[in-house]
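Asks: Each chain, written out:
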Amino acid sequence: MTDIIASVLILMGSIMTFAAGVGILRLPDLFTRMHAATKVGTLGSGLTMAGAAVYFGDPGIVLRCILIIGFLLLTAPIGAHMIGRAALSLKIPVWKPKDDPE
Amino acid sequence: MSWYLTVPLVLPFLTAVFAFLTRFGPAGRWISVIGNVAMLLAASMLMAKVLDQGVIAGQMGGWAAPFGITLVADYLSAVMVVITAITALAVSVYALGDINDRKEHLGYHALFNVLIGGVAGSFLTGDLFNLYVWFEVMLISSFGLLVLGGTKEQVDGGVRYVTLNLISTILFLSGIGLLYGMTGTLNMADIARSLPELENQGLVTVIAVMFMVAFGVKAAVFPLFFWLPASYHTPAFAVSAVFAGLLTKVGVYALIRMFTLVFNADTDFTHTILLWVAALTMITGVLGAAAHNDIRKILSFHIVSQIGYMIMGLALLTPLAMVGAVFYLVHHIIVKANLLLITGVIERTAGSTELAKIGGLYKTAPLLAVLFFIPAFSLAGFPPLSGFWAKYVLVSAALEDNAWVIAAVALLVGLLTIFSMTKIWAEAFWKPHPEGVDPVLEAIDPARRWAFLLPIAALAMLTLVIGFFPQTFVAFAEMAAAQLLDPSDYMAAVLGEGA
Amino acid sequence: MARNIETSENRDNGLIGLIPVALSAALFAWLITQANTIAEGGAIRYVWDWVPSLGISMSFMLDGLSLTFALLISGIGAMVFLYSRTYLAGQEHFNRFMFFLTSFMLAMLGLILADNLITLFVFWELTTITSYLLIGFAHATEKGRRSALQALFVTGAGALALLAGFILLGTTMGSFELSEILANGDALRNHELYVPILILILAGAFTKSAQFPFHFWLPNAMAAPTPVSAFLHSATMVKAGIYLMARLHPAMSGTDIWFWTLTVAGAFTAVFASVLALRQIDLKQSLAYTTLMALGTLTLFLGQDSAYAMTAFATFLIVHSLYKASLFLVVGCVDYSAGTRNADILGGLGRIMPVSALAAALAALSMAGFPPFLGFIGKELQYAGILAIGSQPFVFTVALLLSNALMFAVAGIVALRPFWGRREVELPRSPKEVPWTMLLGPVVLACLGVFFGIHPDPLQFALVDPLVASLLGSIDEAKELKLWAGVNMPLILSIVTVTLGAALYIGHRGLRAWLGRVVAAAPNFDRGWDRFLAGLKGFAAWQTRIIQPGILRVYIGVTFATALVAIGGTIIARNAWPGLPDFQDVTWPIIAISLLISVGAIMAALTSSRVAAMAALGVVGIGVAMVFIVFSAPDVAITQLLVETLVVVLVAVALLRLPLLDQGGRDHRPADAVLALGVGGVFTLVLLAVLETPIDLRLTEYFEVTSWPEAFGRNIVNVILVDFRALDTFGEIAVVVIAALSAYALLRTTSERKDP
Amino acid sequence: MSLALITLIMSLALVFLGVGLAVLRLILGPTMPDRVVALDKMTVSIVAFCGLAAIWSGDVAFLDVALVLALVGFLATVALARFAERAVIRRQQAEEAKND
Amino acid sequence: MNSIILRVGTRYLAGILVLFSLYMLIRGHNEPGGGFIGGLIGSTSFVLYAIACGTAEARAALKIMPQNIAVAGLGIALLAGIAAALFGDALFTGQWLFLNPTEDSKGLPISTVLIFDIGVYLVVFGSILSIVFAMEEEI
Amino acid sequence: MEALLALTIGVLVATAVYLMLARNILRFIFGLVLFSNAANLTIFVSGRVTVGAPPLIPVGADAPVGDVANALPQALVLTAIVIGFGLFAFALVLMFRAYSSLGTLYSDEMRVAEPREGGKT
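Residue numbers (the working numbering), protein chains in the order written: chain A, 1 to 102; chain B, 1 to 499; chain C, 1 to 756; chain D, 1 to 100; chain E, 1 to 139; chain F, 1 to 121.
Please note that a few of the clues may not be correct.
Estimated spans, in silico, between C-beta atoms of each pair [unchecked claim]:
| # | chain 1 | residue 1 | chain 2 | residue 2 | range |
| --- | --- | --- | --- | --- | --- |
| 1 | F | Arg116 | C | Pro659 | 18 to 28 Å |
| 2 | C | Ile475 | B | Trp404 | 39 to 49 Å |
| 3 | C | Ala534 | F | Thr104 | 32 to 42 Å |
| 4 | C | Asp49 | B | Glu442 | 18 to 28 Å |
| 5 | E | Leu99 | D | Ala13 | 18 to 28 Å |
| 6 | C | Ala534 | F | Arg116 | 13 to 23 Å |
| 7 | E | Phe87 | B | Ala48 | 20 to 30 Å |
| 8 | B | Trp404 | F | Pro115 | 37 to 47 Å |
Treat the hints as calculated values from the structure; they're not laboratory data. Cβ atoms here follow ideal geometry from the backbone N, Cα and C, with glycine treated the same way.
Starting from the given sequences, assemble the full structure and let the hints guide the process.
Replies: Rendered as structure tokens:
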């Protein structure tokens, strides 16, 4: 039973990770891509970790997985926030691709 | 027993730690001097022990070889450690005058002593990866010392020095990895034991050549020496003295160690390459010296040239040639370090190291003239100074081995060495000062003067002693050479009698 | 010699100046006491094991040959020291000068007394160094420095050849002891290495003794003060080469190559030098060239092995030393007193300086070879010797005749012109007779020439016989020295010499002008030296520009190219190719990771955006970390990721102050790509080959079984780090600390900001 | 082949594909923050990868890698983002200085 | 850096990172971790702090000059190695003391090896911070 | 497995060398990072690789259970990574300093330590 739950969680997580990849490639501008990367990506990794926690079932490991998810949730927004600020100050326009400021 | 080996290695690091933590007071520099005195004592005790017992090995952490790290001292290692301690002491005394407070606050003494520790570690270790680590210790502290002061020249020289040395380091590291992949061990004696059992001996030669390139950069041989003349003239004099004396010699030591102990199978191939390298190194180095007109640049190129002599000894691989290589190694460290120390005094009295801008030292600073004369003519190989014996032994080894070309090259390079030493002598000492000043030693603050002159005089004295009474040293070099050519004692001491 | 006579007059340098005089006089006296022993065929040896490991001992031997030289050196030395004390009174660095001169004399004595090749060489080089310092006495002038360097370089070059010759000789003969080598001459002459040894040793001897074509340094070395010239260039240093040839004569002579080399070189030098001697205006230069002539003559005789030739050699050696030292000193007196040495200006000094004039006359007569001077005996023997030559005696006789005649003329110029005749031009200084300390030397030496001319017996007994004996092996070989041997061929030749010489003297001014034109057209060795030096420097500068161009990318390129050629070449030479790699066990995640790494690396290499490069490095770092994860190295993976993060942080900080990549111009060349691919390929080849060998895991197995029971740790990697290989880790943290300190120091030294 | 294994392989493939797509974005750019985002996404994906590796090998040691990465990985993003932001300010300052 | 989100986040994260680094240090002998990893993680906490609040504040929070921490760490590591001399062993021979040994476990281990690892931690921590701080102050 | 990694290492080395040969010393730094990674991987691969079995000893056992990865190269690589980081940090600072005091990142424009003939710097 746990195996199935774990498998589902892992698969979901992986699909999310993949979706994040698709998003980051396909979405038209930085801000949307950012969302795909941070939100979906974090969710994907988090789900995978949850799957791992279920798979192992050992309390110590579960704790570890919870910590991982917690840390991801704590740090990912900060990273996203910083990228957003940078994009803002770079005056990257919404929806319109622009030349590399480099 | 193992503490005889450990103390000379550990002391510089302890000294570095304490000197760094007290760097804002006057205590730091004295800790450095005292630490180096102690190191000399420890090195001497190690030497006595080695003379008494032959090769001694100590298993660090109490783990038997080849599992732990083994420190080994045979004659060559022991003498190198002693020479390192002597040089370190001389330079640390010199630094009392040469290094200003600013550099001390930035950690000069820590950098210097760690450098010495790295050098001592390289000489003492019997483990290949450990050798890499000590090389790195040495390298990184030399980086720091080279650019300490941060002038444009230093930074530019530093870029050259750092880039090229990093390349060699990484080659060395990869080589270690590959050797480990072939033998499964890192202990040099153990590698030496297992290499002949390998099927693919051609591959062993390939790895050997890889090490040759890596160490070749460190030792500054042709055509890998660029970093040396590009950077050695830039740092403080105390620093360039210790660089000139010790750093490249560690590369030479590593070459000697690896190509006698480990890669001693395909000598027809490897040592022929070394012989060519030696000849070209000698010639290009000495011509470079002839082309320059700055004392430090001249001396830098001479380092290259003289490395060639040591490699020549190694390349010939006869007992006498090895005697020559060992003798040259020891002689050259003392003399070259001393010459650069003197250059510092020249700069302080006459105002520059560029020959065109200075002069008149012979007239008004006779003591300095004498002190320069001894190492300079020793370097040029005039008898009965130490350099003569070094060159004599090497040339006779070459002639005995019917290696006419290399013997001729060695002699010719000796002649050109005379040429550039007399160039310095004639320009800096004989020629009147272009601005009409009479440079005098008294111009240096009397409190610092003795700090400059004492180590110079001591090293010059050592040169004279080696020159006039070479027997002890030659006999010692013979024992060292015999040990190098027959590593069975070394291997037995490291791996235990059964191995 | 521009000295101020007013300040230097009547000032000598206290008692210190007398120490060398006393020393050399004492040595001379001691040597005299030994003369009897030597004359009876004995020899004195002293041996001290210097470097027994190399078979080198500090051994000395006093026999006929060395005794003669030793007496000349110490005797003339004493005179010269006494002379210098006055001559150089008040000079700057007088004490240094005397020290060098004394050292030189001792070195010279060591050289001729040495009984070991290496000992001999050591002293040989000591004379080179001390003479360098002596010639460079006038070091304030460019010319003085040039002459000193020239002398050092030429003799130094010869010395190195000599060293090689000695080493070969010693190893061939199995001993460096001269007495043993000399006893085995036949073995040497028949050895296959005889010719190389001979060439090398003669190279040393010829340079030291200024034989053609190495002669040019000697006249320049006259830049030294006159006492130095008198000492170095009459009796001592230049004779070192002669001594060496004489010393090795018993072991090496008797072959064709020996004969022809020495005879031809000697004869040519003699004629060549005496022609040039006539050309000189400076008295000292004239003497220098006559010294060359004498050296040539001595060499010529050493080429033979007849008893006549040897006796002639011995006699001429002594004669020459006596009169040449005397003449040099007299020239010094003239210079000291009149302030010039120009032969064209000087004249009529005889009345003012009668004693000098007398000494000059005596010495010059000896030099010219008039009876009853010793010079006459010498010349008679010379002709006797030359007539005894086995082949082509006529050519050599003519050569000798010519040079002797020229010598006669030069003797006239040096001894007559300054003292007799009229002075035509005002002298720089009003001359007067020099103090007795300066006169003693020339007078005594000149008088000895007369004394021995009239009474040759003591000379014969004490010096000539033993000398010839040490050359030929028997005490009875030497021919008798006598003034009158009846009318014979040598006498006739002597008369011809005198006639020709007188003619040359009378016509010497015209001759000189003509010679000037000839010489100007001939190749000039002295200018050749300048060209050689310029060429050497130019070549050095050229090669250094090529090899050390100061461009970092060249250095890096050469370093990599060397690695490529060396390693790749060895693979080919030693046939260390790997077999075809086996990709069967490869799984797709590994392929994916490899692709990731490769893509990241290639992107880093090709991008021209800094951030893209940085991100690409991040990709590589992550990819490598994934390798570590897949292949079960969690510790390493964590470290890799952390380090990667910090790398990015640091680079991101640093880039804020750094410019964009590729500001103008392409950064890479196609050759770079070739080299890069080559190095990468070689790396792969070697690694593949290494991976084919089976690995020995005994270290790891040991760690696995001892990690917990003995080192109390379950993480084997960490146990290795902190316990099994703690010393590595210690060194590693030292690297980290020092990297931090260095970086900090580097950032702070040029910064205006203070330490926080 | 068990269900768990199949899911695992599939998951692994998906994660790799995700990473690959992020790399593509990294190469394509075009702006600096785009690349930073891609790198950030990769870092986060490695956390998932570690989790999968842990399950694959049954060894929890890989979770430690994930733990560290989850905690520290964003630092690179922060540093790069700050760089992007400051670089703009610097360039503006430089231009202003030039115009003055 | 005037970002409130970053600063607030840092306030929590820095503490967590330091604690976590110590945890990694202590458990390093038995599970992934150890002085290097601990030191690296520990240093990131202050790097983050410096990025968020500036180096001046980070230095103030650290109180000791990072170079001194690094060098002291080197000294501690070395002393841990030399301590073996007191027991007559070779350099870096681990000396173990087990507190409260019981039947099934050897007890709480206190060892020179741990002290050595602490030295490593301090070295890595101090070194990285001294470089990063100095670099930060340059721009 | 190892063979593929060997190829990857080859790519890393090639790109590293290519970067190091550039005139811009910042590229050298990037190359240095790649080269270090290549060397680390070389050591790692030389010790042969094992999938999915970290060298840890489970609680209760005296030695690792089953075949585990070779621990020694891992320790070496860890050491090498940290050393490499130290060197990298210093090199970066040096390049940084070189730019701020010499005003260029192009190595052939740095002519202070080895000035051109004629003294132009």
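Asks: Hint by hint, say whether it matches the structure.
Replies: Evaluation of the provided hints:
Taking 18 to 28 Å as the suggested C-beta distance range, the pair Arg116 (chain F) and Pro659 (chain C) conforms, at roughly 23 Å. For the hinted restraint 39 to 49 Å between Ile475 (chain C) and Trp404 (chain B), the CB-CB distance of approximately 41 Å keeps it satisfied. Look at Ala534 (chain C) against Thr104 (chain F): about 36 Å separates their beta carbons, and that is inside 32 to 42 Å. At roughly 45 Å, the beta-carbon separation of Asp49 (chain C) and Glu442 (chain B) lies outside the given 18 to 28 Å, and the hint is violated.
Distance hint check: the CB atoms of Leu99 (chain E) and Ala13 (chain D) are about 50 Å apart, inconsistent with the given range 18 to 28 Å. Taken as a hint, the range 13 to 23 Å holds for the pair Ala534 (chain C) and Arg116 (chain F), whose Cβ atoms sit roughly 21 Å apart. Evaluation of the 20 to 30 Å hint for Phe87 (chain E) and Ala48 (chain B) yields a pass: the beta carbon distance comes to about 25 Å. Checking the proposed 37 to 47 Å range against Trp404 (chain B) and Pro115 (chain F) shows it holds: the Cβ atoms sit about 40 Å from each other.
Hint violations for this structure: numbers 4 and 5, all remaining hints satisfied.
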